[in-house]
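**Student:** Order-wise, the sequence lines are chains C and F.
My numbering numbers the first residue of the first sequence as 1 and each following residue consecutively.
My numbering numbers the first residue of the second sequence as 1 and each following residue consecutively.
These aren't lab readings, by the way, just hints derived from the structure by calculation.
As the structure is a computational prediction, the values presented were derived from the model and not from experiment.
It cannot be assumed that every hint is accurate.
When chains are identical, the list treats them as one kind, so a pair holds in a single copy or across two.
[What the hints assert, rightly or not] Straight line, CA to CA, 30 Å or less: simulated DSS-like cross-link-like pairs of lysine-lysine: (1) 204 / 117; (2) 257 / 84; (3) 119 / 204; (4) 204 / 118.
The lines below spell out each chain.
2 protein chains.
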Amino acid sequence: MRIVLIGAGNVATHLGCALYAAGHQIAQVYSRTDESARLLADRIGAIPTSNIRDVVSDAEIYIISLKDDVVGDVIASLCPTREKALFVHTAGSLPMNIFVGKVQRYGVIYPMQTFSKKKSLDIHAVSFFIEASDTDALCTLRTLVEGFSTHVYEMSSDNRKYLHLAAVFACNFVNHCFDLSARILQPYGIPFDAMLPLIEETVKKVHDMAPHEAQTGPAARHDEKVIEMQSQLLSNDTLMQDIYNRMSQSILLSSCKQEK
Amino acid sequence: MRIVLIGAGNVATHLGCALYAAGHQIAQVYSRTDESARLLADRIGAIPTSNIRDVVSDAEIYIISLKDDVVGDVIASLCPTREKALFVHTAGSLPMNIFVGKVQRYGVIYPMQTFSKKKSLDIHAVSFFIEASDTDALCTLRTLVEGFSTHVYEMSSDNRKYLHLAAVFACNFVNHCFDLSARILQPYGIPFDAMLPLIEETVKKVHDMAPHEAQTGPAARHDEKVIEMQSQLLSNDTLMQDIYNRMSQSILLSSCKQEK
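Generate coordinates for the entire structure from the input sequences, incorporating the hints supplied.
**Tutor:** Here you go:
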């Protein structure tokens, strides 16, 4: 397949490398900056461009992996002269129907994973959620993604919204809890690595039991004195204190519901 | 050593089993309820009791593993007639000085791990933070804990407070994020297990890079439209929506600081 990648961020990088390794021709990589376009293009034998007007018109598939709030503008620039091409976006939170009336064949490839350019990962273990305008486009996307992943599922835009929101909690917010933990330890010279055995065990537990069963800590024990004392330790950072208070309140409420 | 366990919860259970396996005599297990005292006592050859007045007076060490807010009352009941014994608590958030003036020799054994009675774990990999009233008591606690763990560190009450708070973020709040994620998925018939590869990768990343470098998601991308849309999806649960908003705001702020 002759593919153009619109975007050169975390998702475009991992997806582009997987497609290239699976034998596809990545004709071009577009990015807002020359440097990031070139960085990815060089890795996958593509031509870089930072000018949207220079994007070629003869690709079979255009894969848009950009920040959600610029996808609309890029569709408005690219679709009008490429009505026959298959257009795809990779955003968990955008519906497929943003392509309606712009092109005839379109779809979504949502990889549910946390990608960082610097960190390689096994793309075969990533779950991909796909959706398309018609059976033929769906078949094309399935074949494309099955070239590098064995976990390919169909999912509607409506359900994908909630899947993406759940992923934000299970990944982005979890990582931010790690970051806040590291920030608390830093003044006391305790390296964040000291937390890794605790974190490993926390994750091991949810392989064997539901998260609500695995809940421990002061809030799960309804230990209000500890909650109050720990909240006070954060009084010089009201946002972190707010997060502490609301998370504790939410755990308290959850554990009350469980006990009933 | 002849030891009495005051408490039969998650920490007392794992600690008691480790001490028993290391060859110590667990004379008694006290718990508020007969059933939980018996459940643990039966596993470690001890006598159960649910009456604080029946606790034996001739043990060398009394280990108190109770909810923080009842530890004070138990100390008031037990210490007066046992001034020569070594008293220890296992709470991350309580200072050692709660024993001052009550007994002569005292200390803290804080295991930084998430324990569930139902889930076995490798106690050797748990980090234990100890503190004691004097060199002799410290030596006793170190020998005791080194019987089953190779990770034994001295830590002051002041620093342990922050260590415990950091552990609440890295473990209890992380697990609650998993729970909220499961709750979002539930109405759509998506099992929480679908999140496990994403969670594994989230944790793998913080072995290789600092959490703030590993941050991804809508807030890290400053994707305010997605944040607003996802927040709206939670409008029927104001507490979860509040958590979503504040976590997003905190990630946004952190990533601004990084970029500066």
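**Student:** Evaluate each hint against the coordinates.
**Tutor:** Here is what the structure says about each hint:
no.	hint	in the structure
1	204 / 117	both (26 Å within a copy, 14 Å between copies)
2	257 / 84	neither (54 Å within a copy, 44 Å between copies)
3	119 / 204	both (22 Å within a copy, 10 Å between copies)
4	204 / 118	both (26 Å within a copy, 13 Å between copies)
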